[in-house]
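Those protein sequences? They're chains X and S, same order as listed.
Going by the working numbering, the residue at position 133 of the first sequence is 133; the numbering climbs one at a time, nothing skipped.
Just add 139 to the spot in the second sequence (first one is 1) and you have the working numbering.
If you're looking for bench data, these hints aren't it; they were derived computationally from the structure.
One or more of the hints may lead you astray.
[Claimed, not checked] Partner residues are not named here, just some residues of chain X that face chain S (Cβ under 8 Å, in silico): (1) M36; (2) T65; (3) P122.
[To be verified] Distance condition first, Cα-Cα at most 30 Å in a straight line; then the derived DSS-like pairs of lysine-lysine: (4) S:K160 / S:K344; (5) X:K12 / X:K49; (6) X:K138 / X:K83; (7) S:K461 / S:K344; (8) X:K66 / S:K461; (9) X:K124 / S:K307; (10) S:K306 / S:K406; (11) S:K221 / S:K186; (12) S:K456 / X:K66; (13) S:K306 / X:K124; (14) S:K344 / S:K406; (15) X:K12 / X:K134; (16) S:K406 / S:K221; (17) X:K66 / S:K160; (18) S:K306 / S:K381; (19) X:K124 / S:K186; (20) S:K160 / X:K49; (21) S:K229 / S:K424; (22) S:K186 / X:K66; (23) X:K124 / S:K409; (24) S:K461 / S:K221; (25) X:K6 / X:K138; (26) S:K160 / X:K83; (27) S:K409 / S:K306.
We put the CB at the ideal spot given by N, CA and C, even for glycine.
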Amino acid sequence: MFEGLKRWARKKSPWVLHFNSGACNACDIEILAALMPHYDLERFGVLLKATPRHADVLLCSGPATKQIAPRLQRIYEQMPEPKFVVAVGACACSGGAFRGCYNVLEGVDQVIPVSAYIPGCPIKPEALIDGVAKLLGKI
Amino acid sequence: MAETIHLPIGPQHPFLKEPAKFDFDIQGEEIVGARMNIGYNHRGLEKLCEERNYYQCLYILERICGICSHSHTTAFCQATEKLLGLELPKRGLYLRTLVCELERLHSHLLWIGVAAHEVGFDSLFMLVWRDRELVMDALEAISGNRVNYAFNTIGGVRRDLSDEQRKKILALLQPLIDRLEYYTNIGSHEPSFEARVRGVGRLSKQHAIDMCTVGPFARASGVDRDARRDAPHAAYPDLEFKVITSEECDIFGRVLVRVLEMVESCKMIKQILDGLPEGDFVAPKVMRRVPAGAAISYYEAPRGEDIHYVRGNGTEKPERVKVRAPTMANLEAACESVVGSFVADIPIAIASIDPCFSCTDRTSVVLNDRRRGRRVTTWGELRTYGIDWYRRNRGIHF
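With the rest of the complex left out, here is chain X:
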């Protein structure tokens, strides 16, 4: 019964941490726009948190630059279990437009395990809402 309660709580209020791992800001402002009144992701219980220690879901935008990769790893390690990572945008999924740059890795999944991919350059807030809802459906 306790397991069931835990699962319900996680599903009803996933707290997210947004981390820019070398993105161009476009996905970042769309993530913020999704959390704002017009799209209102908060109605699903999604709340933006400031520290990885409070977060269940890490929203990663950007292809992970070489400088940011060790920090991304550390932020992932600081998150409590169970943790989910969502790669937001084409460049977080595979490198996108930045594929071939000397200073970027090809996607966040080169550094940390990823649970869901949301492609798009940049993503639309609707896509983010859809992606997060699908992820919650899996929990």
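Model the placement of chain S on the given structure of chain X, informed by the hints.
Relative to the frame of chain X, chain S by itself:
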């Protein structure tokens, strides 16, 4: 004298929307020194541009920064058009300027929201971002995308504006102007907001000039400098607008300058839509090979003057593209302006320049800094050092 404490902030921190690292020296509550470390967002786009042709470069440069994506492509297009010696059709220039001004609106609204959030005024943050959706709708109607518009092309723009779209944007404009009036009122008369921003993050006019600041940050310190007026480009020579400056020299001034600039932007958009010339929106024939030569173009991005340097070598690919984004010019001065403020003012003081680190993180430059013992190493010196190091430490000697 209190002991100096070293306070590192970043690269991931709630007040930073992007990765950057700041080091503050604090004595008690007061900040006595500030340094920054950027480069977490460096991707190497300038190098990537050298491997793409001019049209592909547009898509790469658009992704320098998602907030001012149109600025970078406009600056790049202008430089390339200079190299090609292209004469742009009037309608193309007007449409390009229309998106420029809409982008300025959305960027400044975004900033007002973030600034309100940093001082803890979250209801204003939410309200502003709701109104920002009006601008986003207009941009989506024009270009089909909300953030990276892909609207510019060399020789004009990629899409025409139908009469229906024109009316739609005009209809969106009026409610926005009403809301801006409300925000001007809040920005200048709300006592709790004023108490957080007045006198904080001071940067004197002389400092602003000495440190080469640009954009609203400089204009809030009384520096009357605007590339739209001083280096005419796009359709700006045809438009009537005021350059907003403020003598406040603090964050209060920066809020005022940005809000009033938005009002000016609305007026400009109205002028553009009312006087939209007929004709082509893109130059009929554009050569894919760009002649050899170099060109510099200036553009007043929402954050300040954006400079692009493009060197062509007669092929389809540019030989060199160099970007000087406005935040780069402002960051040093931002660190300077924080000194003397309290620790509690750090978020709003840094946010007040509207920092955009993905714009800034181009290449690392080490300046000749005798005081800290840093200096530029020439290629020859580096070679000598390398040979010498291996001889001493590994015993390799030729």
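So, going through the hints one by one against the coordinates:
Proximity of M36 (chain X) to chain S holds as hinted, the smallest CB-CB distance being about 4 Å (cut-off 8 Å). A hinted interface residue such as T65 (chain X) counts as satisfied when its beta carbon comes closer than 8 Å to some beta carbon of chain S; here the least separation is about 6 Å, so the hint holds. At its closest, the beta carbon of P122 (chain X) sits 5 Å from a beta carbon of chain S; the interface hint therefore holds under the 8 Å criterion. Between K160 (chain S) and K344 (chain S), the direct Cα distance comes to roughly 27 Å. Compliance with the 30 Å bound is thereby established for this hinted pair.
Of the pairs offered as hints, the one joining K12 (chain X) and K49 (chain X) holds, with about 15 Å between alpha carbons and a cut-off of 30 Å not exceeded. Taking the CA atoms of K138 (chain X) and K83 (chain X), the gap is near 13 Å; set against the 30 Å cutoff, the hint holds. With a C-alpha separation of about 29 Å, the suggested pairing of K461 (chain S) with K344 (chain S) holds against the 30 Å cut-off. Taken as a hint, the K66 (chain X) and K461 (chain S) pair is honoured in the structure, with Cα atoms around 21 Å apart against an allowance of 30 Å.
This hinted pair checks out: K124 (chain X) and K307 (chain S) have alpha carbons roughly 21 Å apart, not beyond 30 Å. Between the alpha carbons of K306 (chain S) and K406 (chain S) the distance comes to roughly 15 Å, so the proposed pair stays at or under 30 Å and holds. Annotation: proposed proximity of K221 (chain S) to K186 (chain S) holds, straight-line Cα distance about 22 Å (limit 30 Å). Taking the CA atoms of K456 (chain S) and K66 (chain X), the gap is near 27 Å; set against the 30 Å cutoff, the hint holds.
Proposed proximity of K306 (chain S) and K124 (chain X) is supported: the alpha carbons are some 25 Å apart, at most 30 Å. Pair hint K344 (chain S) plus K406 (chain S) holds up; C-alpha atoms about 28 Å apart against a cutoff of 30 Å. With a C-alpha separation of about 13 Å, the suggested pairing of K12 (chain X) with K134 (chain X) holds against the 30 Å cut-off. The suggested pairing of K406 (chain S) with K221 (chain S) holds, with an alpha-carbon distance near 29 Å, which does not exceed 30 Å.
With a C-alpha separation of about 16 Å, the suggested pairing of K66 (chain X) with K160 (chain S) holds against the 30 Å cut-off. With a CA separation close to 25 Å, the supplied pair K306 (chain S) and K381 (chain S) stays within the 30 Å bound. In summary, the hint linking K124 (chain X) to K186 (chain S) is supported, as the alpha carbons are separated by about 29 Å, within the 30 Å threshold. About 20 Å separates the Cα atoms of K160 (chain S) and K49 (chain X), which keeps this hinted pair within 30 Å; it holds.
A distance of roughly 15 Å separates the Cα atoms of K229 (chain S) and K424 (chain S); the hinted pair therefore holds under the 30 Å criterion. For the suggested pair K186 (chain S) and K66 (chain X), the alpha carbons sit about 16 Å apart, so the restraint of at most 30 Å is met. Taking the CA atoms of K124 (chain X) and K409 (chain S), the gap is near 28 Å; set against the 30 Å cutoff, the hint holds. Note on K461 (chain S) and K221 (chain S): the hinted pairing holds, with a Cα-Cα distance of about 16 Å set against a maximum of 30 Å.
Between the alpha carbons of K6 (chain X) and K138 (chain X) the distance comes to roughly 14 Å, so the proposed pair stays at or under 30 Å and holds. For the hint linking K160 (chain S) to K83 (chain X), the alpha-carbon distance of about 26 Å falls within 30 Å, and the restraint holds. About 11 Å separates the Cα atoms of K409 (chain S) and K306 (chain S), which keeps this hinted pair within 30 Å; it holds.
Hint check: no violations occur; every hint is consistent with the structure.
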